[in-house]
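Peer 1: Sequence:
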Amino acid sequence: MAEALVGGAFLSATLQVLFHRLASRRVLNLFRGPKPNDGDKLLRKLKIKLMELDLVLDDAERKQFTHQSVKNWLEELKDVVYHADDLLDEIATEALRLKVESQYQTGLNQVRAPISTPTSLLDAEFVSKIEEVVDGLEDFAKQKDVLGLKEVASQKWSHRLPSTSLVDESRVFGRESDKEEIIKLLVSNEQSGSEIDVIPIVGMGGVGKTTLAQLVYNDGRVVEHFEMKAWVCVSEEFDVVRVTKTILEAVTSSNCDTKDLNLLQVRLKESLRGKKFLIVLDDVWNESPGHWDSLRTPFMARACGSKIIATTRNHGVASIMRTVPVHHLRLLSDEDCWSLFAKIAFYNGDSRVHPELEKIGREIVIQRCKGLPLAAKTLAGLLRSTHDVEKWDNILKSELWDLPEDKNDILPVLRLSYFYLPSNLKQCFSFCSLFPKDFEFEKEKLVLLWMAQNFVKHPNSSKTLEEVGDEYFHELLSRSFFQQASGSKSSFVMHDLVHDLAQVVSGQFIVRLDQEKLHDISTKVRHISYVQDDYGELKKIQAIENAKQSRSFLSWKTPRFTHVISSNRVLDDILQALRCSRVLSLSCFNIVELPTSIGNLIHLRYLDLSRTKIKQLPEIVCTLYNLQTLLLTNCSSLTTLQEDIGKLVCLRYLDISGTNLTKMPMQMGRLGGLQHLTDFVVGKCSGSGINELKEFHHLRGKLSLSNLQNVIGDKDAFEANLKEKKYLKELVLKWGNTTDDSCKTKRCWKNCGLIQT
15 MAEALVGGAF LSATLQVLFH RLASRRVLNL FRGPKPNDGD KLLRKLKIKL MELDLVLDDA
75 ERKQFTHQSV KNWLEELKDV VYHADDLLDE IATEALRLKV ESQYQTGLNQ VRAPISTPTS
135 LLDAEFVSKI EEVVDGLEDF AKQKDVLGLK EVASQKWSHR LPSTSLVDES RVFGRESDKE
195 EIIKLLVSNE QSGSEIDVIP IVGMGGVGKT TLAQLVYNDG RVVEHFEMKA WVCVSEEFDV
255 VRVTKTILEA VTSSNCDTKD LNLLQVRLKE SLRGKKFLIV LDDVWNESPG HWDSLRTPFM
315 ARACGSKIIA TTRNHGVASI MRTVPVHHLR LLSDEDCWSL FAKIAFYNGD SRVHPELEKI
375 GREIVIQRCK GLPLAAKTLA GLLRSTHDVE KWDNILKSEL WDLPEDKNDI LPVLRLSYFY
435 LPSNLKQCFS FCSLFPKDFE FEKEKLVLLW MAQNFVKHPN SSKTLEEVGD EYFHELLSRS
495 FFQQASGSKS SFVMHDLVHD LAQVVSGQFI VRLDQEKLHD ISTKVRHISY VQDDYGELKK
555 IQAIENAKQS RSFLSWKTPR FTHVISSNRV LDDILQALRC SRVLSLSCFN IVELPTSIGN
615 LIHLRYLDLS RTKIKQLPEI VCTLYNLQTL LLTNCSSLTT LQEDIGKLVC LRYLDISGTN
675 LTKMPMQMGR LGGLQHLTDF VVGKCSGSGI NELKEFHHLR GKLSLSNLQN VIGDKDAFEA
735 NLKEKKYLKE LVLKWGNTTD DSCKTKRCWK NCGLIQT
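Each step along the sequence shown adds one to the number in our numbering, with nothing skipped, and position 202 is 216.
You may find that some hints are simply not true.
Claimed, not checked - Quick list of the computed label-pair ranges, beta carbon to beta carbon:
no.	residue 1	residue 2	range
1	S718	T610	30 to 40 Å
2	S718	A155	53 to 63 Å
3	E485	E146	35 to 45 Å
As the list claims (entries may be wrong) - Taking lysine-lysine and the DSSO-like style, the derived pairs with C-alpha atoms no more than 27 Å apart in a straight line are:
no.	residue 1	residue 2
4	K503	K716
5	K85	K55
6	K405	K384
7	K63	K92
8	K198	K156
9	K92	K562
10	K477	K459
11	K739	K677
12	K357	K156
13	K503	K740
14	K61	K193
15	K113	K85
16	K451	K477
17	K562	K459
18	K708	K739
19	K193	K113
20	K113	K503
21	K737	K477
22	K113	K92
23	K538	K459
24	K384	K373
25	K198	K113
26	K708	K737
27	K156	K55
28	K748	K737
29	K63	K708
30	K471	K740
31	K61	K198
Simulated from the structure, these hints should not be mistaken for laboratory data. Just so it is clear, CB atoms sit at the ideal spot from N, CA and C, and this is done for glycine as well.
Starting from the given sequences, assemble the full structure and let the hints guide the process.
Peer 2: Okay, structure coming up:
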């Protein structure tokens, strides 16, 4: 793996957040010192020093490749900037607390009296912390001069996306003969022996092995030829149980809960018996003959003509599995590579309208892409947002192409494409190194995670944060940092090499704990993901307890693993360590309650308790005033929400689908900023009725209304103002029974025009 980089972009984007905080009237009002203007002077001094350092970050990011001292300077500066952000967020949180508590107690929509200064934040110790940060920044400012760091002209790349739709990933150039050759092998009923035919596609990373396999897999001739098909992404860990289970679920079109290998293989053998099938094993790494022998046992019940395709970078893997000659996937010709590049970089793929750019583009393809499709797609995605000849020429001649090979084992084209991303997109991309390789993620959830980390800039227009985050996502997608997952319209993945890049640029600040990483966590770690599996759970938990500065804790559940931490004491220890967290995911944890120490996480913006056995939320959750996202999906033991949930005025996303709530808490209408609410259970009492929905002007997506028999008359139904919620895509109406009352309320909804006779 390449030596980790320290992104000046991380700092630059974080500094923009700090500048926003320092301009906040609430923060300024709360930081008035004991003497007039003392607090103002200190904050102004802090801002000036941050701005001074911000000017040289682009230069530092370039020089860190060849100057270790600059890299060290960036790394140490990042620690100080993070600390400053935590302190300012603490002030902003206290300001928010005072406002919410005042409004909640008085019932007013707006605080009329000035907010009093919280002495707890203005004691000598807290002021001393800010002064310490300022002093530290002054030292960094002196060091920058010694290091020769200067202000340089920043490459400003347009955020404008072309008006055309995203490039179709199924479009391929120069692979027709490869495709036909493999299809010819597939549709042939000849057998090479007693074993099932395995066709290995071998090639370097980024050459298009998966894309070729997808083309073949979806070709009409192949679809007609085979009775059953299954696609499995194997990746680095060849888990025979997981692969067998995935194949079984694909051929039976049903979920399978067992993890017993013998039972899985018996079921799979019966499902395949006498059938002609095609199985694709994508991205195989493991060279163990034992794993392959174990996996193929059920395939012996096949019909003649059944086939397996395996894609791999490893010739050793191919030699173990193959029964027919290996298909070596070569690099594209310069002309085919240019066709792919032009298709993405130019409107409708037509480069003739920009002859100067075409000339430079062809040189980029020949000199830099060198026949690699991933390189062509990535560079074209970078350049498609600009027609500036100078910028295209800068890419062609960038010094980043000439770094020594021992400094880098990722594709230079990927490194360069990352370097030219806007600073906020660099943050968003590197954060994705928290995902395991080949992890399929959803756009909506990822945007919520970015928002929780303040990676998404506050829009100056009428756009919501979610809409801006959506633009960020599509920009990374258009530049081939993300790609659509096979067979799914809503899930996305990162190519292996792109994932490697994310790990490199995130360095030691982001750690993914899995079976290969049971080491102690550095105090510099800011984001942690926790892979739930059977390996070293206790060691992982102990490592997490050292992450005092971590801003993220995300857990990923592997298919084989069914439970994690059940001890409340252990969970309490983790929460005590994660006081700086903005993101906390305890999804699938075997817990029935949350410790009250959750209230110490005052910075928390994203809380995922989905698929836990939790019965109720502790009252103290309602003091997490910054909380934006609360996921309670499939918490089937949850029957009530806390009455004070209205204090969570920053809440934008509330998922209570799959719970067993019998009513909504009182005063839900206070959550007027909600953008997404999955369900609303209509109550009979004032404060929990359907009319509470009138304040939710911005609801999007799908909303399910249940217990509508509790709506008594037209007035309440009209007050809900559902017809004016123009961003809702789907509205589900549910009645608890078919009594006369239900019939009356159905007439109410007909009168409102929401259901038809």
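Peer 1: None of the hints should be skipped; say for each whether it holds.
Peer 2: To see whether the hints hold, each was checked on the structure:
The hint said 30 to 40 Å for the Cβ distance between S718 and T610, and at roughly 32 Å that hint holds. Between S718 and A155 the Cβ separation comes to about 55 Å, which falls inside the hinted range of 53 to 63 Å. Checking the proposed 35 to 45 Å range against E485 and E146 shows it holds: the Cβ atoms sit about 38 Å from each other. A distance of roughly 18 Å separates the Cα atoms of K503 and K716; the hinted pair therefore holds under the 27 Å criterion.
Simply put, K85 and K55 have alpha-carbon atoms about 31 Å apart, too far for the 27 Å limit, and the pair is violated. Taking the CA atoms of K405 and K384, the gap is about 20 Å. The hint holds against a cut of 27 Å. A threshold of 27 Å between alpha carbons decides the hint, and for K63 with K92 the separation of about 14 Å falls inside it, so the pair holds. Straight-line distance between C-alpha atoms of K198 and K156 comes to about 68 Å, which puts the hinted pair past the 27 Å bound.
Proximity of K92 to K562 is assessed by CA-CA distance (about 16 Å); at most 27 Å being required, the pair is judged to hold. Taking the CA atoms of K477 and K459, the gap is about 18 Å. The hint holds against a cut of 27 Å. A threshold of 27 Å between alpha carbons decides the hint, and for K739 with K677 the separation of about 22 Å falls inside it, so the pair holds. Of the supplied pair hints, the one linking K357 and K156 is violated, its CA atoms being roughly 48 Å apart against a limit of 27 Å.
Between K503 and K740 the CA atoms are separated by roughly 24 Å; this keeps the pair inside 27 Å, and the hint holds. Between K61 and K193, the direct Cα distance comes to roughly 59 Å. Violation of the 27 Å bound is thereby established for this hinted pair. Straight-line distance between C-alpha atoms of K113 and K85 comes to about 42 Å, which puts the hinted pair past the 27 Å bound. About 33 Å separates the Cα atoms of K451 and K477, which puts this hinted pair outside 27 Å; it is violated.
The hinted pair formed by K562 and K459 meets the criterion: a straight-line CA distance of about 25 Å does not exceed 27 Å. Distance check on the hinted pair: K708 and K739 sit about 9 Å apart at the alpha-carbon level, within 27 Å; holds. Between K193 and K113 the CA atoms are separated by roughly 64 Å; this puts the pair beyond 27 Å, and the hint is violated. With a C-alpha separation of about 42 Å, the suggested pairing of K113 with K503 is violated against the 27 Å cut-off.
Of the pairs offered as hints, the one joining K737 and K477 holds, with about 21 Å between alpha carbons and a cut-off of 27 Å not exceeded. Restraint check for K113 and K92: the C-alpha separation of about 32 Å exceeds 27 Å, so the hint is violated. Restraint check: the Cα-Cα separation between K538 and K459 comes to about 26 Å, which is no more than 27 Å; the hinted pair holds. Taking the CA atoms of K384 and K373, the gap is about 16 Å. The hint holds against a cut of 27 Å.
Proposed proximity of K198 and K113 is contradicted: the alpha carbons are some 70 Å apart, above 27 Å. Taking the CA atoms of K708 and K737, the gap is near 10 Å; set against the 27 Å cutoff, the hint holds. Distance check on the hinted pair: K156 and K55 sit about 21 Å apart at the alpha-carbon level, within 27 Å; holds. Restraint check: the Cα-Cα separation between K748 and K737 comes to about 17 Å, which is no more than 27 Å; the hinted pair holds.
Using a Cα cut-off of 27 Å, the hinted pair K63 and K708 is violated, with the two alpha carbons roughly 46 Å apart. Between K471 and K740, the direct Cα distance comes to roughly 25 Å. Compliance with the 27 Å bound is thereby established for this hinted pair. At roughly 67 Å between alpha-carbon atoms, K61 and K198 are farther apart than 27 Å, so this suggested pair is violated.
In terms of the numbered hints stated before, the structure departs from hints 5, 8, 12, 14, 15, 16, 19, 20, 22, 25, 29, 31, listed from lowest to highest.
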